[in-house]
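In order, the protein sequences belong to chains A and B.
Residue numbering for the first sequence follows my numbering, beginning at 58 and increasing consecutively.
Residue numbering for the second sequence follows my numbering, beginning at 2 and increasing consecutively.
Any given hint could turn out to be false.
As the list claims (entries may be wrong) - Straight-line Cα separation of at most 27 Å, DSSO-like style, residue types lysine-lysine; simulated pairs:
| # | chain 1 | residue 1 | chain 2 | residue 2 |
| --- | --- | --- | --- | --- |
| 1 | B | K78 | B | K294 |
| 2 | A | K192 | B | K78 |
| 3 | B | K78 | B | K330 |
| 4 | A | K131 | B | K34 |
| 5 | B | K78 | B | K67 |
| 6 | A | K192 | A | K171 |
Claimed, not checked - Covered, in the sense of this in silico footprint (three residues per stretch, anywhere, with C-beta under 8 Å from a C-beta of chain B), are these stretches of chain A:
| # | segment |
| --- | --- |
| 7 | 106-119 |
| 8 | 131-140 |
Just so you know, the hints here were simulated from the structure itself, not pulled from any lab data.
Just so we're clear, the structure is a prediction, and the values are computed from it rather than from any experiment.
The beta-carbon is built from N, C-alpha and C at its ideal position, and this holds for glycine as well.
In case you want the letters, here they are:
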Amino acid sequence: MDGWPMSISLNGSVGRGEFERSFNFTVADGEVLAITGPNGSGKSTVIHTIAGLIQLRSGSLESDGAMWDASDSKVWVAPENRTCAVVFQDLRLFPHMNVISNVAYGLRARGVNKDEAIERSKKMLTRVGLSSFDKRLPNDLSGGERQRVALARALVLEPRLLLLDEPLSAVDSASRAALRELLPEVLGSFAGATILVTHDLGDVEAMATANISLN
Amino acid sequence: MGLPFTVSCEHYGVQTTVPEKRSIENNLTRVDKVFQNLVTLGAFFSMVVLAAIGGFLLYRGFEIFKDFGFSFITGSKWDIGNPEDTSTAILGIGAMLVGSIITAIIAVLLSVPFAVATALLIEFYVPGWIKTILVSILDLVAALPSVVFGIWGYAVLLPLVEDWSVTIEHYLGWIPIFNVPSGIFGRSPFLAGLLLSLMIVPIITSVAREVYSQAPRDLIDAASALGGTRWGALRAVVLPFGRSGLVGGTMLGLGRALGETVAVYLTLNLVFEINFKILASAGGNVASLIATKFGEATEYELKALMASGLVLFLVTLLVNFGATMIVNKSRKIV
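Could you put together the complete structure from these sequences and hints?
Right under this line is the structure:
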């Protein structure tokens, strides 16, 4: 964890086609920055831009002093080289991999050996309350369980920046209540910075330390 | 409607009644009825043609199966004997059947890695304009007549393969399939298999490309966002997703390789002997046997060729049936 404290700053505009949205924010480690706004306001686009899945339209994206994306130059860091991890709104778990393989995927991709990756993944699954779900396929899980797997898959990477895209939108009310208890607890022990995109002010109250509202 | 429709849980003491099966009137419009009849006719026509081919071959070749039984499939000698006395004939397509399978397996083993690599290259690595060029080239290669492949294989590939075979035999001759005691290389199952692999690469590539293009981009992005390199993301998402399609494409290629006639006829030395030594200049396949013998066959030999055709027909059907099962199984996993 060299280089702490880290910060990420996005100063520019994101979007595709006709859509364009300008941002200017900084988030530091230990902070949970919530970006709120109605559907279609560009919240998820911010997450995708920071993760490197969409290029900046203008301006620059900087993380911990390193330029990730600068629209006026050829600087662009590929998603796999960015020190962030994403929990997508639609989760995007790999349907053909069991739970443990899903969680260990990122570690394996980053060169961690198989045994260590499995061990760390098991620990993370225990932390999110899914200790006996290793061999299950995502399709055999409930919405809340899938959400926990997605969270474990991101957290196990020990990212510098955690990106949560509507983390509670795809679950029923009972699971939502349980996750609202779990998430602040998990984020409380997470050393990096977090960006939380949500349209639910309850999520902001439960987790965020700062808030940007989009209209 | 007056139908019983009580469905409840027996724990509460209420009896469960399953409604009687209803026949629902399908009120199709006239246009829909015409269309339904047309597509039904089309589907039946294909099956009727298939059955007619199988039936015809069985009818014409039945006498051979009656005379030789299972030894027609296992035997490797093809001697028509005295044309006036059919009891002197010894006919078996074992060697040709083994040749068909060996050349087809070589073709598939050599072509699948190339086809997968080409499909991935076209779909995920090259810019649009190069993609268009590559796809056009592949389509062109797929459309080339097999006789052109055969002539090219005989004129260009044969001398090269002879040299490669000598080298392979020199270093890997201790493996039985690469050992050539006769020292005669050239028109071998290896050459025929290599040529067949070039012929089926476009088919497999085309099918693989199609299924890879439908791999969920969201999951590829997710793999990248978790630290997967481009290749890592393709391996985690695209290859598993396209597995059933690749198997399907491979089986299509295998079907073509099993049934290929002219290219094999020109590049494989027809020898009636079961040969597992793939570099040796000896072999054959069922289709090239039929093509070679058909013109000068006696009435009885013609029946044997029809029976050979039936065996090839059944083997191809079996391969396709197996492919369908594998594809269906893979679909359940992904």
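Taking the hints in turn, this is what the structure says about them:
1. K78(B) - K294(B): Holds. K78(B) to K294(B) sits at ~14 Å (cutoff 27 Å).
2. K192(A) - K78(B): Violated. K192(A) to K78(B) sits at ~55 Å, over the 27 Å cutoff.
3. K78(B) - K330(B): violated, 40 Å
4. K131(A) - K34(B): violated, 61 Å
5. K78(B) - K67(B): holds, 17 Å
6. K192(A) - K171(A): With Cα atoms ~16 Å apart, K192(A) and K171(A) stay inside 27 Å; holds.
7. 106-119: holds (count 3)
8. 131-140: holds (count 3)
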